[in-house]
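Taking the working numbering, the leading residue of the sequence shown gets 110, the next gets one more, and so forth.
Fair warning: there could be bad hints in the mix.
What the hints assert, rightly or not - Simulated DEER-style distance windows between Cβ atoms:
| # | residue 1 | residue 2 | range |
| --- | --- | --- | --- |
| 1 | G487 | R242 | 10 to 20 Å |
| 2 | A199 | G118 | 32 to 42 Å |
| 3 | G487 | R384 | 14 to 24 Å |
| 4 | T412 | A155 | 17 to 27 Å |
If you are wondering where the hints come from, they were derived from the structure by calculation, not from laboratory data.
Here the structure is a predicted model, which means the values were calculated and not measured.
In this text, a Cβ means the ideal position worked out from N, Cα and C, and glycines have one as well.
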Amino acid sequence: MTSLSGFTGFCWPSRLLMINQFGINFGFYMLMPYLAGYLAGPLGLAAWAIGLVLGVRNFSQQGMFIIGGTLADRWGYKPLIVSGCVLRTAGFGLLAFADTLPAMLIASAATGFAGALFNPAVRAYLAADAGPRRLEAFALFNMFYQAGILAGPLVGLALMLLDFRTTAAAAAVVFAGLTVAQLFALPQRVGDTPQEKTSVWHDWRTVAANRSFLLFAAAMIGSYVLSFQVYLALPLQARHLFPHHDAVVTAMIFLVSGLIAVIGQLRITRWFAGRWGSGRSLVIGMLILAVSFLPLVVLPDDTRAGRVAAATALLIATAVMAVGSAAVFPFEMDTVVSLADNKLVGTHYGFYNTIVGIGILGGNLATGSVMQATREQGYPELVWVLLAGIGLLSAAALYRLDRSGRLQPQQPTVDVTTP
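Construct all of the structure, not just a fragment, from the sequences and the given hints.
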């Protein structure tokens, strides 16, 4: 089955969600790949402050997913998708004017919380609409997701020739258009609800009692910390190597990452599923993410083999990371739905991303600080060694969960006498 035939085989809501995700990422990645460089260059922020801004943006998204996921299960998926796009329009509009650290933190928090509103709803909507084909749906979804990552930075690079504020304003316009499109074209859908009306607290306790789900979320923190370095450590590495042309190198990073996902996502998913199944695929995908940093351990700067070799190592690391991410994502999303037993799916996605969001906030602060400190001390490879080690620990945790059967649905134990 080709990508096109697979796409047309899904119902209209699933196809629209995939197209919308392309638009969401297109607007988002017009701007975000260049944010770290803008903060370090024109605004002159220190590495720890850059890590804080990016960490706050991500935590306000990942950490607040619990709110968006809960609301999606109660109010339906469409209102949360539309509301998230409205808020992200406002957040990117504010980024066009922010020029201080507090203003940047507010704008970043707004753009992040917008994602907390629409992301759980989009994934829960897609899982419900795709039914038994959800693994393939998530693979196709990731293709559109990565296509947006591929196209967005290229358009953003052209706009950055003008300035960052123009790029931020253009991204806000994209999200304004998405808001209108989803408001009028996306059908309403509400997730499967329990037969009896329950409180939010009851729903949260039900999810919190699902021990297998919580252990899986904790094990996947490493995956998000590593994948997020495409926004933090890799652009900062590009700026270190090419201080006057870092935007071009950053665009190449996202170009390589996007091309691999768009071209290879379905092949990677089917190859992994046919040979290893969900649990082992997650473990192997995590190992690939871990080893993606080894080229940067060998060539962490331009003093060992020159700038061209160091830049090549950066792009090789990006390519390997893209393969690992493509291997992990569909199985990760499918496992969340399986462990939720198709109940309170939005709330489960919310809890899941809240847990990994806390890990990402700490991971970003640590990465930014360690990256600056190791360069100052003359050991720039140590930050990449640390990141590879995080990946290995996460792979080991996933391996233990898979071997113990924890990646299969478990019936949670919870007191349901008080709704």
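Provide an ascending list of the numbers of those earlier hints which the structure does not satisfy.
-> 1 and 3
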